[in-house]
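Numbered according to UniProt numbering, the sequence shown terminates at residue 539, and the numbering increases by one at each position without gaps.
Honestly, the hints are just simulated from the structure, not real lab data. Hints are not guaranteed to be accurate.
[Unchecked claim] Under the rule of at most 25 Å between Cα atoms (straight-line distance), these lysine-lysine pairs were calculated in the DSS-like manner:
1) K353 with K418
2) K113 with K154
3) K452 with K442
4) K410 with K177
5) K442 with K112
6) K353 with K442
7) K410 with K353
8) K418 with K493
9) K82 with K31
10) K31 with K73
[Stated by the list, open to error] Label pairs and their calculated CB-CB ranges:
11) R116 with K73: 15 to 25 Å
12) K73 with P416: 35 to 45 Å
13) N350 with E498: 32 to 42 Å
14) A511 with R116: 35 to 45 Å
15) P160 with Q46: 23 to 33 Å
16) Q361 with P162: 43 to 53 Å
Heads up, the beta-carbon is just placed ideally off N, CA and C, and yes, glycines get one too.
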Amino acid sequence: MEDQIRRLLILYGSQTGTAQDVAERLSREAKRMHFTVRVVALDSYQVVNLINESVVVFVCATTGQGDPPDNMKTFWQFILRKNLPTNSLCYVHFAVLGLGDSSYQKFNFIAKKLNRRLQQLGAQPLLTVGLADDQHDLGADAVVFPWTENLWKKLLQMYPLPPGVEIINDNVRPPSKYRIKVVDKNHSLTFKPNGTSSTHNSVHITPDQGNSFYARLISNERVTASDHFQDVRLVRLDISGSNIRYSPGDVVMIQPQNMDDTVQDFISHLGINPDEAVTLEQNDPEIPLPDLPQPCTMHYIVENYLDINCTPRRSFFEMLAYFADNELEKEKLQEFCSTEGQEELYSYCNRVKRTILEVLQDFPNTSANLPLNYLFDLIPRLQPRAFSIASSQQVFSNEIQILMAVVHYKTKLYKPRKGVCSTWLSSQDPVTNVRIPIWVRKGTIHFPTDPKTPVIMVGPGTGCAPFRSFIQERTASSIGGNMLFFGCRNKSKDFFCEVEWSPLIDKQLLALYTAFSRDQVSCIAHWEKLNQMNFFSMM
Numbered sequence: 001m002e003d004q005i006r007r008l009l010i011l012y013g014s015q016t017g018t019a020q021d022v023a024e025r026l027s028r029e030a031k032r033m034h035f036t037v038r039v040v041a042l043d044s045y046q047v048v049n050l051i052n053e054s055v056v057v058f059v060c061a062t063t064g065q066g067d068p069p070d071n072m073k074t075f076w077q078f079i080l081r082k083n084l085p086t087n088s089l090c091y092v093h094f095a096v097l098g099l100g101d102s103s104y105q106k107f108n109f110i111a112k113k114l115n116r117r118l119q120q121l122g123a124q125p126l127l128t129v130g131l132a133d134d135q136h137d138l139g140a141d142a143v144v145f146p147w148t149e150n151l152w153k154k155l156l157q158m159y160p161l162p163p164g165v166e167i168i169n170d171n172v173r174p175p176s177k178y179r180i181k182v183v184d185k186n187h188s189l190t191f192k193p194n195g196t197s198s199t200h201n202s203v204h205i206t207p208d209q210g211n212s213f214y215a216r217l218i219s220n221e222r223v224t225a226s227d228h229f230q231d232v233r234l235v236r237l238d239i240s241g242s243n244i245r246y247s248p249g250d251v252v253m254i255q256p257q258n259m260d261d262t263v264q265d266f267i268s269h270l271g272i273n274p275d276e277a278v279t280l281e282q283n284d285p286e287i288p289l290p291d292l293p294q295p296c297t298m299h300y301i302v303e304n305y306l307d308i309n310c311t312p313r314r315s316f317f318e319m320l321a322y323f324a325d326n327e328l329e330k331e332k333l334q335e336f337c338s339t340e341g342q343e344e345l346y347s348y349c350n351r352v353k354r355t356i357l358e359v360l361q362d363f364p365n366t367s368a369n370l371p372l373n374y375l376f377d378l379i380p381r382l383q384p385r386a387f388s389i390a391s392s393q394q395v396f397s398n399e400i401q402i403l404m405a406v407v408h409y410k411t412k413l414y415k416p417r418k419g420v421c422s423t424w425l426s427s428q429d430p431v432t433n434v435r436i437p438i439w440v441r442k443g444t445i446h447f448p449t450d451p452k453t454p455v456i457m458v459g460p461g462t463g464c465a466p467f468r469s470f471i472q473e474r475t476a477s478s479i480g481g482n483m484l485f486f487g488c489r490n491k492s493k494d495f496f497c498e499v500e501w502s503p504l505i506d507k508q509l510l511a512l513y514t515a516f517s518r519d520q521v522s523c524i525a526h527w528e529k530l531n532q533m534n535f536f537s538m539m
């Protein structure tokens, strides 16, 4: 069969990198079956060309309350246009794999709606839509792998291999996505975004983040009691000189770095020269280069780009197994890759939140064989973190403020688990004039614009952040009708907005109802007050 017929397009919409990881894994499998494959983010694909495709696989996540991922929004708006002809995709065969979380009401909403919409436009489904669930004991793989097996069976029925051609054995290692080339050791590295930072303490922001900015850290103040178990910070960022505009309900994206200790451990374990300047080259012209300055040091790549603290997915172990020559390590890696070994993998990795760095340390012989070229195949990109903006731009015109809980918890592992972004950001000292890479996107909370509209808000803990923004904005113009239900553990420990909200209560601009779960008397009084108000009948 002619090569042009055995072409496969894989389009993905990914918010955290999981859908991209699945799409790239599908690509590797398809290439073993001698398909010519392209893997493209949905918003990077010219959607008008969809009518010319023969087979398309969509891998899409659902974010928020049934929203498409950021790199799918333009495609989503186009495909939902009502004026598209109902036969526009009649020559397209497709399959949709959704990645979702059944704890949300709109579970896999995007995948379900995309599957229906493609059929409305005349496209022909290859198989039923796959609905992977993060809440499953075995994670998304419980659906992804059987769905994938059915996909290959269907495609090989439609497009059988040419005579004499066999599927490439899965023991054959695929080529790496990129080649890492060492540049002249005398090459000077002067990457300084906005003229504020050196190569080793600044993150490169991708060009498509239009309102991106390196914001100066004004303050990083703990707002819970020093003896309270939860460290919550009020982080203030200076956006003077930027074109950033935001409204209550919007979200600020923050691009973190890996902490120095984990970077040093990773570099030391793999025997990497941290100061070696390198450039990246494509092995496959269909796979774009990562958003990194060229050249840059290996230290920069590990610190700013590789998510060495994430919990590895099954695809990580599949790739790592190619480099195992120690029999014990190879046997264990192959077990983790097998269908029968998924419960064992879940116990080893997901249940205790083991990191990629810790896995590499557990497989020392295998990681010693790991070529630098394969780092980008093994380790996903360090993703930005989203925080609800907790300030009003009408009140703080040149600031963005967030309320951030520093993530720190224990599992069965010896070392406590720490949040990458919250640990890094809470460790930053404003005195050092540090710059934080940020950009703003619209949130999913939409507040009323009519000042006469009363608003009831429920926001326990740091969940009050978007409501703090809205309350600031309304009360700055002396607009009342604001009712907030706020809960935390102790009035004296983590009621972090008490000083700010008390004057608003006195001015009758805010009606505040609190519940402190560890202050038993207060909590009971709260419910008695609600009963007196006949609140639930009013609702």
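Hints versus structure:
1. Restraint check: the Cα-Cα separation between K353 and K418 comes to about 10 Å, which is no more than 25 Å; the hinted pair holds.
2. Under the criterion of a C-alpha separation no larger than 25 Å, the hint pairing K113 with K154 is consistent with the structure, at around 23 Å.
3. Restraint check for K452 and K442: satisfied, since their Cα atoms lie roughly 24 Å apart, inside the 25 Å limit.
4. Between the alpha carbons of K410 and K177 the distance comes to roughly 36 Å, so the proposed pair goes past 25 Å and is violated.
5. For the hint pairing K442 with K112, the CA-to-CA distance comes to about 24 Å; that is within 25 Å, so the pair holds.
6. The suggested pairing of K353 with K442 is violated, with an alpha-carbon distance near 31 Å, which exceeds 25 Å.
7. Of the supplied pair hints, the one linking K410 and K353 holds, its CA atoms being roughly 10 Å apart against a limit of 25 Å.
8. With a C-alpha separation of about 22 Å, the suggested pairing of K418 with K493 holds against the 25 Å cut-off.
9. A threshold of 25 Å between alpha carbons decides the hint, and for K82 with K31 the separation of about 36 Å lies outside it, so the pair is violated.
10. The straight-line distance between the Cα atoms of K31 and K73 is roughly 29 Å, outside the 25 Å bound, and the hint therefore fails.
11. A C-beta distance of roughly 19 Å is found between R116 and K73, which places it inside the suggested range of 15 to 25 Å.
12. For the pair K73 and P416, the beta carbons lie near 37 Å from each other, so the given range of 35 to 45 Å is met.
13. Take N350 and E498: their Cβ atoms lie about 38 Å apart, and the range 32 to 42 Å holds.
14. Checked against the given bound of 35 to 45 Å, the beta carbons of A511 and R116, roughly 43 Å apart, stay inside it.
15. At roughly 30 Å, the beta-carbon separation of P160 and Q46 lies within the given 23 to 33 Å, and the hint holds.
16. In this structure the supplied range 43 to 53 Å holds for Q361 paired with P162, their Cβ-Cβ distance being about 45 Å.
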